[in-house]
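*Asks:* Position chain A relative to chain B; hints supplied.
Chains as they are written, first to last, in this note's numbering: chain B, 39 to 270; chain A, 39 to 270.
Hint data in this document are derived by calculation from the structure and do not stem from the laboratory. Warning: the hint list may mix true and false statements.
As the list makes no split between identical chains, a pair holds if one copy fits it or if it spans any two.
Pairs of lysine-lysine, DSBU-like flavour, derived with a Cα cap of 35 Å [stated by the list, open to error]:
| no. | residue 1 | residue 2 |
| --- | --- | --- |
| 1 | Lys96 | Lys135 |
| 2 | Lys225 | Lys244 |
| 3 | Lys199 | Lys244 |
| 4 | Lys44 | Lys244 |
| 5 | Lys82 | Lys199 |
| 6 | Lys98 | Lys135 |
Protein chains: 2
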Amino acid sequence: MNKKRKVVIGLSGGMDSATLLSLLLEQGYKVYCCSFIYGSKHGKYELEAAKNIIEFYKSKGRNVIHHIFNLTTCFADFQSALLLSGPAIPEGHYEAKTMTQTIVPGRNLIFASIMAGLAESIGATEVCLGIHAGDHFIYPDCRPQFIHSLGQTIGFSTDGKVNITTPFLFNSKADILYKGYYGVNPKVPYELTRSCYKDQPKACGKCGSCNERLSAFAEHSIKDPIDYEGDD
Amino acid sequence: MNKKRKVVIGLSGGMDSATLLSLLLEQGYKVYCCSFIYGSKHGKYELEAAKNIIEFYKSKGRNVIHHIFNLTTCFADFQSALLLSGPAIPEGHYEAKTMTQTIVPGRNLIFASIMAGLAESIGATEVCLGIHAGDHFIYPDCRPQFIHSLGQTIGFSTDGKVNITTPFLFNSKADILYKGYYGVNPKVPYELTRSCYKDQPKACGKCGSCNERLSAFAEHSIKDPIDYEGDD
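Bound conformation, chain B alone (with noise of 0.2 Å):
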């Protein structure tokens, strides 16, 4: 099996990539988990949800490691309202028009970048993403041309010593959830996960991203474990 093989992946906290996570530990990779702080809104929360997940996992004897990369300087005068600088997180579907304003210019080629150099120290030869089919309409860097293009520039980089690989690329939400909670054992613990975009603890259920979420859970007929703003 994979039982020494080592992958990078970037976790953010979020359901995506915390299925990416279970995914490749039952494959039996050895998981370097790379966090970013970077001045989000719902960053701290983001950051708590990815530890509590290395935990649950940890705590299952599992072969995994976090690192966290403290970007803040590196965003400070980057324009999003996803930033705690930038103006208010929009309201609606994840597809809509304005959740183009939550765009974070070059998160996802900065952080992969990173990742790659992490992975060519360690030796690692996978940098694997959670970016899936429903992120490509808003999120340019999300978007399959960008992948083929990232691949290979990381190729050159590294002089053919990493890859990028991003297994959800195709797979809506709904899709990604229901590996998640059918595929694999233990199942995902998205009670733990974050998804909501504002700077709050309690998830907002309105934004882009929590809507997107809901529509996952609704789509397989699963309560969504955590709890919302306005719930009893």
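*Replies:* For chain A alone, kept in the frame of chain B given last:
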């Protein structure tokens, strides 16, 4: 002219990026210079050089802005002789095999990604890098195929808003020196630049980077204005 055109560049404090800055300022660009703290042995001397170069151009009334990014946590687990955490800097020719120890995994990709994010945020359409032909042999992240692929990736990441340009990609260090010494007014303050890779205030004159610099000056029979270890 380009009076209002913004460009983002990497300013290491070395000869190439200092020359690049001077040429862009002469063309009327507003230049956003990015310096990166990443735990390299020569980092504090490079940064001091970068700051002095910026001050030089500011004192001439030029339109230049300095952004300093602290990436110390990013590179903490990276392996390279160039880093404070790594083995000794090798001595010898810039293109000698031993110089591969000075590769820093992902460095240019990470730096360029951050610069592209800044460019998109401030409405600059170009990220300009001082990479030159002498870098190709040892450093995979300086080769034309990497630069070409990087430009494409950044294009996808920014939805076509930001390009990469590398005017010195096929020039030698001697070519660059010639431009900066005879082709721009005022001539580039090479006395303020830093090339040596070692963790010491005075240039060693023996590492690959010092050797490449000395050869460039020798080729044009120009006296290198900086002091070297062992000089009287």
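*Asks:* If the cutoff is 35 Å on CA atoms, where do Lys44 and Lys244 land: within, between, both or neither? Let me know, please.
*Replies:* neither (38 Å within a copy, 38 Å between copies)
*Asks:* At most 35 Å between CA atoms: does that hold for Lys98 and Lys135 within a copy, between copies, both, or neither?
*Replies:* Classified as neither: same-chain Cα gap 42 Å, cross-chain 45 Å, threshold 35 Å.
*Asks:* Please work out whether the CA atoms of Lys82 and Lys199 approach to 35 Å or closer within one copy, between two copies, in both situations, or in neither?
*Replies:* So Lys82 and Lys199 pass the 35 Å test inside a copy (33 Å) and across (30 Å) alike.
*Asks:* For Lys96 vs Lys135, is the C-alpha pair at or below 35 Å within one copy, between two copies, both, or neither?
*Replies:* neither (40 Å within a copy, 42 Å between copies)
*Asks:* Reference check for the pair Lys199 and Lys244, CA-CA at most 35 Å: within, between, both, or neither?
*Replies:* between (42 Å within a copy, 30 Å between copies)
*Asks:* Cα distance capped at 35 Å. Does Lys225 pair with Lys244 within a copy, between copies, both, or neither?
*Replies:* Result: close within a single copy only, 26 Å intra versus 58 Å inter.
Checked against the numbered hints given earlier, this structure breaks hints 1, 4, 6; the rest are met.
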